[in-house]
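Generate coordinates for the entire structure from the input sequences, incorporating the hints supplied.
Line by line, the protein sequences are chains A and B. Per numbering that gives the first Met the number 0, the very first residue in the first sequence carries number 0; after that it's consecutive. Per numbering that gives the first Met the number 0, the very first residue in the second sequence carries number 0; after that it's consecutive.
These are calculated hints, taken from the structure and not from any lab test. Ideal placement from N, C-alpha and C gives every residue a C-beta, glycine not left out. Errors might be hidden in some of the hints.
[Stated by the list, open to error] Some chain A residues judged to face chain B by a derived CB distance under 8 Å, without partners named:
{"no.": "1", "residue": "R109"}
{"no.": "2", "residue": "G113"}
{"no.": "3", "residue": "E202"}
{"no.": "4", "residue": "A218"}
{"no.": "5", "residue": "P221"}
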Amino acid sequence: MRAALRKPPSKAGDRVFLGLSTASAWVILLILAGVLVFLLVKAAPAIAANWADSSQLQDRTAGNTAGWNSFWPYVGPLLFGTVWSSLIALVMGTPVAIGIALFISHYSPRPLAGVLGYLVDLLAAVPSIVFGLWGVFVMRDFLKPFSTFLNSYLGWIPLFGGDLSVGGATILAGAVVLAVMILPIITAISREIFLQTPSLNEEAALALGATKWEMIRMAVLPYARSGIVSATLLGLGRALGETMAIAIIVSPKLIYSFQLLTDNNPGTIAANIALQFSGSNELQRDALIGTGLMLFLVSFAVNFAARWIISQTAPGGRRRRRKARTA
Amino acid sequence: MSKRIEATDLNVYYGDFLAVEGVNIEIEPRTVTAFIGPSGCGKSTFLRTLNRMHEVIPGARVTGEVLLDGDNLYAPGVDPVLVRRQVGMVFQRPNPFPTMSIRDNVLAGVKLNGGRMSKSDQDDLVERSLRGANLWNEVKDRLDRPGSSLSGGQQQRLCIARAVAVQPDVILMDEPCSALDPISTLAIEDLIEELKKEYTIVIVTHNMQQATRVSDKTAFFNIAGTGKPGHLIEYDDTSVIFSNPKVKATEDYVSGRFG
Ligand SMILES: Nc1ncnc2c1ncn2[C@@H]1O[C@H](COP(=O)(O)OP(=O)(O)OP(=O)(O)O)[C@@H](O)[C@H]1O
Ligand SMILES: [Mg+2]
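In structure tokens:
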């Protein structure tokens, strides 16, 4: 009996494939661990250093670490800027992305849906430096009338207050470009999930006399809810690490500011590294790597949260859990 | 209110494929009509033309007329959404909305199209509909549990309650018992007997005993071969169809010599 249950001797092909795939999995883990170790080792001197007494860190002719008395107040505004610009981008990008995904999955005629889906995927292939240049030469000017309007009529809301930027190098412009950059991933994932809605549920709604939009609210969105959340988190993950949009559209500073329309904008970690790296001395570079470590941790946490939500509440997963509970 | 259905010269297409051809049938109010016939002969397809659910499938279309108390459902300007409020449907597989509670499932239809109701009216409607579907006693203590927490047979009765709650004139059922055990099946058959007092009911079934048990009239559909359109072969009182049908094919089918 036991012998019959034992594994049959595996074939050579199986063994080779198993070996290859196991090795690949380990390589990925090793790379990840390697990156983390690199960041920790390189960043440690700067994080541990006594900033106030360090001649390298207080060197006003290089980098932008002078004037800070430790690593944390230096990285703080950058972390803030990273999260803040990404959130603005999400707030603007997610509804549009979901709208496009719904249009593709449920409203547009078949041929148009194919073309649109393809175009959105193409958007993902545009290099980010091109988006950055587009932001500098097109978006900045395009947004100026809106910014002027918002600043003069809604300036009493802190978000739109402050001294209006003349050149248009606002965090709003940067975030709009970021929003366009994260559009494809959110659209692609949501579209897939919308298309998977069981037609059983859709027909249930239609047969009750639901209009198309009511059907979407009753059947499609509840089914896709967790998918939308994780698509959004993956978009957030992308926005957090995006460099060029902020680096070349905005002239970032090490400040905390919620104002969207001024020239005084917080920078992001990735943009700050790109802008400062070449002009920095050794310990300053270590400090930049330290900020990179922080970005790594935040992105990792966001991506991890996204995967976790998918695994917990994906349509299949949900059913499995419910069964387990009632059993 | 119960209404009379009349189809004339109805052709039903999936794109270029003619699935059902030339159906003429008159269904009286407050009766149960069974559609029987071999698989693929177009029973479901024809049934779905009676509430304009057919056209939900891309490329699907219909020619001819379906009259509901004399009004053509396919006249220009008729809104399919309003048709479906008058002609409810129960599907082969129970399909309650999985994320909604039992109560919200029952109310799903009446909350559509901007419908508003006081809490007590809602409570009344939920109880009335669930009683109407013989489900009230089983679920009255757990109305806030998700609809998917019920057994298959209970889910199907919940779907019937949901269809009844919008007070349609007609209820269409496409093999409503085929995914259910015999006890649940009997529960639904009893329910159909009840519902007949208020609604026109059309039911597709593969179960001959079921057709004889629940229906007043029976329509036999058949198909000449794969790729050919289905036709309505014979339509008569259920007792006639099952005891002395006029058409040979009907007799072969109901006596199990075929299909
Ligand atoms: N969505 C569809 N697209 C194209 N053809 C379809 C579609 N649904 C059904 N058909 C075709 O229409 C014909 C009638 O199918 P239908 O489902 O109405 O048969 P049925 O009598 O209900 O069969 P069953 O008893 O197996 O449910 C079949 O030839 C089928 O292949
Ligand atoms: Mg069928």
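Right, here's what the structure says about each hint:
Evaluation of the A/R109 hint against chain B yields a held restraint, the C-beta minimum of about 7 Å falling below 8 Å. The closest approach between the C-beta of A/G113 and any C-beta of chain B is roughly 13 Å, which is over the 8 Å cut-off, so the hint fails. Hint status for A/E202 relative to chain B: holds, with the closest Cβ pair at about 7 Å, below 8 Å. Hint status for A/A218 relative to chain B: holds, with the closest Cβ pair at about 7 Å, below 8 Å.
The beta carbon of A/P221 is positioned within 8 Å of a beta carbon in chain B (closest approach about 4 Å), and the interface hint is therefore held.
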